[in-house]
Amino acid sequence: MGFRELVKKASGPLPVITVCTALLFALAFLTIQSLGDDNAGRTQLYVMIVGSVGIAVLIIFLITNGYALYRQYARNEIGSKLTVKFVAIFLCLTLIPFSLVYYFSIQFLNKGVDSWFDVRIEQAVEDSLLLSKTALEGIKEEITGDVETYASNLGKSLGGSELLKTLDEIRELEDYSEVSLYTDTGQIIAFSSADAETMLPDTPGEQVFSELRLNQTHTLLEPISESAQQFRVVAPIQSNELGRQFYGLQVIKLLPLRYATLASSVEAANQQYAEIVFARGPLKVSLILTLSLVSLASLLFSLLAAVYLSKRLAAPIANLAAGTQRIAEGEYGTILPVVSSDELGILTDSFNDMSQKIHQAQRVAAHSQAETETQKGYLEAVLTNLSSGVLAFDDEKCLQMNNSAAIDILGLDPSGIVGKSALMLAKQAPHTKNFFKVIDEGIDSGQRNWQKELTLLGEHGRQMLLIRGTLLDSSTANFPSNEDSLGLFSTATHDNYVIVFDDVTGLIQAQRDAAWGEVARRLAHEIKNPLTPIQLSAERIKQKFTGKVGPELEDTLERSTRTIVQQVESMKEMVNAFSTYAQPVRAQLSPLDANQLLSDVIELHASVLSDIDVKLKLDPQLPSIKANATALRQVINNLVINASHALEGVKGASLLIQTSVANNVAGQYIDILVADNGPGVPVEIRDSLFDPYVSSKAKGSGLGLAIVKRIVEEHSGSVAARDSKLGGCEFHIRLPVNAMQTYRGNRAQNAVQSDSTDTGQN
Amino acid sequence: MRDALVSGVPLNLELDFVYITPRLFVDNHSLFERHAYEIKRHALSNRYMVLHNHETRPQLFATLIGLTDHLGSESLRLFAQYSRLHEAQVTTEASVPHLRLALDKYKLPGPVRLGAFVSNQWEFDTGWITWDFEN
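So the protein sequences, as listed, match chains F and E. Counting from 650, one number per residue, gives the positions in the first sequence under our numbering. Counting from 6, one number per residue, gives the positions in the second sequence under our numbering.
The set of hints was computed from the structure by calculation and includes no laboratory data. Treat the hints with care, as some may be off.
[Said to hold, decoys possible] In the DMTMM-like style, the derived pairs of lysine to aspartate or glutamate whose C-alpha atoms are separated by at most 25 Å in a straight line are:
1) Lys933(F) with Asp8(E)
2) Lys45(E) with Glu786(F)
3) Lys45(E) with Glu871(F)
4) Lys45(E) with Glu775(F)
5) Lys112(E) with Glu875(F)
6) Lys1221(F) with Glu1207(F)
7) Lys730(F) with Asp998(F)
8) Lys45(E) with Asp1057(F)
9) Lys45(E) with Glu875(F)
10) Lys45(E) with Asp776(F)
11) Lys789(F) with Glu875(F)
12) Lys45(E) with Glu771(F)
13) Lys782(F) with Glu98(E)
14) Lys933(F) with Glu128(E)
15) Lys782(F) with Glu128(E)
16) Lys760(F) with Glu786(F)
17) Lys933(F) with Asp74(E)
18) Lys45(E) with Asp998(F)
19) Lys814(F) with Asp833(F)
Owing to the predicted nature of the structure, the values given are computational and were not obtained by experimental measurement.
All chains should be modelled from the sequences, with the hints used to inform the complete structure.
Here you go:
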């Protein structure tokens, strides 16, 4: 048991009541002892010490209880305020009557003690003493006169032989108890005693002989017991003998019994009254002190009782308050002890019943919530792993939720987009303006289901999006929010709109590539195969008829066969180019320094670019990329050749080739810029610039840029054409440093990545 | 105390004769003799009385000086007497005879007692005194 618990138990009601009871008995005893005059002084001291210790213990109890209550109040513990109020009320109820009783008790005590010492009583005691003294004085004078007479007579017959007899006669005649004769040095000459057993007389002291030397008679009333007194009279007898100054005659006479009894009574009464008068002040102090101690003990007991009663009264209410607070904090099922059968007990019982019901309801709710959480987790998993973008808008067209695919497809910054309206999202990402415009129109149309296709020109290049919108009734709308992804579903009470969209660019491109591939395959099969026999036949005709026909026919033959061979060669080249475009790049990716590749290509075409001001702005910090070097070299070749063709005949032709590092949320990229100050791309072919057989050149095959786009996209990159700051056209290629960095939905790029997984890419 | 005696309050004195043996913390007191004296004033004879060991016949003194002289000489006499009397009973050479005359507060009248316990005015104690007669 710890010290604190020990103090707590010791400060409990039972020890306090025991101490108080003992203390009150002790103080009552102390009061009796203060008024009495017996011989129990040591007990009185012990009782006073016990009383003081008891009061000190009570004060300690009160301090500990008061401090504990103060701490509870300071900590704002439940029930402490109510207890303090009860204590204050009890204190007021106790202090006021207590103060009145104490004040009047002190007054009564003062008056009462003073009344004991009435002036008349004191006068009567003094008078009785004076009367006794006067009476005894008369007796004393009478005896003194007699003794002096006998002394005078004895002085004349001191030398006679009848001295002893004379003393006996005097003693018997006057009823003296003893008569004795002394010399001036105190020697006994003769004595006569009424008590035959007395061998020696009661010799007077030296002081008596000093008086005799002054020829004075010594007379004194002497107490010899509590109820007996005697007169001692010693008279001088002048001596005429040589060397002897005087003799002393001592007479001792017992005071008659009647006088002695009265004198003892008066003496005792006077002494007792004198004691009381002397003890008047201390008595008042003692009584006031005792009264104060009793009052203090009573007050302390009342205060402690107030504290205990207050705690006892407040305890059930505090328990109820604490139980209510625990339930408010979610601790359902709290059961409080029912300690009484009164109204508080009924209230506690009702509380327990309510707590149990809340607990059961909470368990049911928790079970339902767990099921909801499971469903929510399932839905979140589905949405997260869905390749389609999903957006949910409320009836005010504010975004309620989105999945990660939507962010990836649209290239949005995912931070803080939830809660923003479609208009604000469009402003935040301008390239999605048309997308959110379509959504806005779709929602405004009020149709339950709608679908639209949209082409976006975004960071990933041109994207074909298939958008489907659905209106959800408020009764079925229940979406997890991104802001509270782990919390409960936010149950909407209004209409919601779910937008599901897919990036079908890859799909369409794949379909287109497949179509072109089929065309290429057929061309290779249907066209390329007959070309060789045609060429061989033409050459055979030329060989067979050369020199065998006339000059005019031979000239015609020569030109015709040459044309046939040339066209066949041209068709072969066309078919080969087509085949090259159609054939997918089965790339083996390896680290590639793009700056070095660009420098090599420019160096290779130095003769072609001799009349062009070529500027290379290559970023020295450009990281290596994982790429197929041959394919990328073809890309740069095509762009440089295109630029050189575009700059033919242009005065002050300029070509800018620039590299830089680009970072975005999806990862790290490099940018390759090929810009010229040529005539630029005609407006009419800009949208289909990268399609096969689209070219602004008279002799162009129309496959160069298509191959560029195909290769770049198969490297998980993107290519776009726009007006150059130099005045011509500018091609912007963005390639991921790591080919795995690809945007979702590009199925072709995924194929490239699959092929390159064995190269150690992440 | 003087006022109390003059007013008629009896005073009880105790004369203790002990042998004190020094010890480490608390000296050992071996009580050998105790004498009780009751002093009070006799109003009818205007004398001070001394009752020794509850004897019935008191000794009378006209003045307080005479009374205190008597007590002093009586104490000295008793010390000399007991020193010789109990010398043989003391086995330790370190034990020294001491005498003390003190007021017995417990025998004061009830109302006066409480005040006497806490007041210096009621302090009458000679403390332990010893005399060396040989020197």
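Hint by hint, which ones does this structure get wrong, listed from lowest number up?
Hints 8, 13, 15, 16, 17 and 18 not satisfied by this model.
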